[in-house]
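Participant: Chains as they are written, first to last, in this note's numbering: chain R, 1 to 110; chain U, 1 to 115.
A portion of the hints provided could be inaccurate.
Stated by the list, open to error - Derived Cβ-Cβ restraints for the label pairs, each shown as a range: (1) U:T5 <-> R:Q81: 26 to 34 angstroms; (2) R:E102 <-> U:L74: 30 to 38 angstroms; (3) R:S79 <-> U:Q80: 45 to 53 angstroms; (4) U:T113 <-> R:Q81: 29 to 37 angstroms.
Said to hold, decoys possible - In silico negatives: residues of chain R with every beta carbon more than 10 angstroms from chain U: (5) S3; (6) F18; (7) T26; (8) S32; (9) Y36; (10) Q45; (11) F62; (12) E102; (13) G103; (14) T107.
Derived by calculation from the structure, the hints in this document are not laboratory data. Just so we're clear, the structure is a prediction, and the values are computed from it rather than from any experiment. Even for Gly, the Cβ is constructed at its ideal location relative to N, Cα and C.
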Amino acid sequence: GNSVTQMEGPVTLSEEAFLTINCTYTATGYPSLFWYVQYPGEGLQLLLKATKADDKGSNKGFEATYRKETTSFHLEKGSVQVSDSAVYFCALRSGSRLTFGEGTQLTVNP
Amino acid sequence: DARVTQTPRDKVTEMGQEVTMRCQPILGHNTVFWYRQTMMQGLELLAYFRNRAPLDDSGMPKDRFSAEMPDATLATLKIQPSEPRDSAVYFCASGPGGANTGELFFGEGSRLTVL
């Protein structure tokens with residue numbers, strides 16, 4: 001079946017540090033890949049997506065590239081801000097279903 | 001500003017009581033999902049609907065949970081009887097389907113505490 005594995009958290013960084021959150025997946029066929037973000041007390045919001053191999057999704061300074069050869073979709077940001085503190089979820093879509101990873105808690109300190 | 005609306009935001013109840021959570025999806029979205037979030041299990045898909053028809057409820061304990069869409073503007077998730085292990089945040093999400101399937105819009109969640 002389909003599955004998504006994220007790096008374990010929590011991740012704590014200082015402001016302006018470089019961020020990488022690893023995500024790998026297992027799926028049949030060619031899934032679409034997503035990153036969602038959940039701020040405290042809120043529901044998830046779509047951050048970025050990629051629908052085919054080598055696509056790069058980007059939004060708000062975050063980027064992730066769909067790597068079919070390594071079945072990965074790592075999230076990166078060059079310089080994090082305190083306001084980026086949240087839980088980040090990697091997800092894949094196969095058919096109509098979204099399968100989410102466990103989530104990675106990110107805390108950015110001033 | 002279109003958004004998914006969930007009620008109640010917070011619910012505290014006693015074991016054995018019936019709990020009903022409601023969701024108003026975004027107008028025009030034809031897929032609706034119910035997720036449960038806990039610290040231990042993360043996000044679990046309970047049920048989902050397309051064009052109001054239930055497509056998958058395999059993640060839902062059938063003996064006590066039920067999910068319905070009486071019309072296109074309302075989705076409900078009912079627990080009867082509730083148990084302490086049902087304590088969680090329940091999220092409803094809707095999506096436009098089609099080429100944008102996977103782009104879900106989540107409500108703010110209903111936090112359920114069963115004593």
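Participant: A separate judgement is required for each hint: does it hold in the structure or not?
Facilitator: Results for each hint:
no.: 1; hint: U:T5 <-> R:Q81: 26 to 34 angstroms; result: holds (30 angstroms)
no.: 2; hint: R:E102 <-> U:L74: 30 to 38 angstroms; result: holds (31 angstroms)
no.: 3; hint: R:S79 <-> U:Q80: 45 to 53 angstroms; result: holds (50 angstroms)
no.: 4; hint: U:T113 <-> R:Q81: 29 to 37 angstroms; result: holds (33 angstroms)
no.: 5; hint: S3; result: holds (12 angstroms)
no.: 6; hint: F18; result: holds (26 angstroms)
no.: 7; hint: T26; result: holds (17 angstroms)
no.: 8; hint: S32; result: violated (5 angstroms)
no.: 9; hint: Y36; result: violated (8 angstroms)
no.: 10; hint: Q45; result: violated (7 angstroms)
no.: 11; hint: F62; result: holds (16 angstroms)
no.: 12; hint: E102; result: violated (5 angstroms)
no.: 13; hint: G103; result: violated (6 angstroms)
no.: 14; hint: T107; result: holds (16 angstroms)
The structure shown violates the earlier hints numbered 8, 9, 10, 12 and 13.
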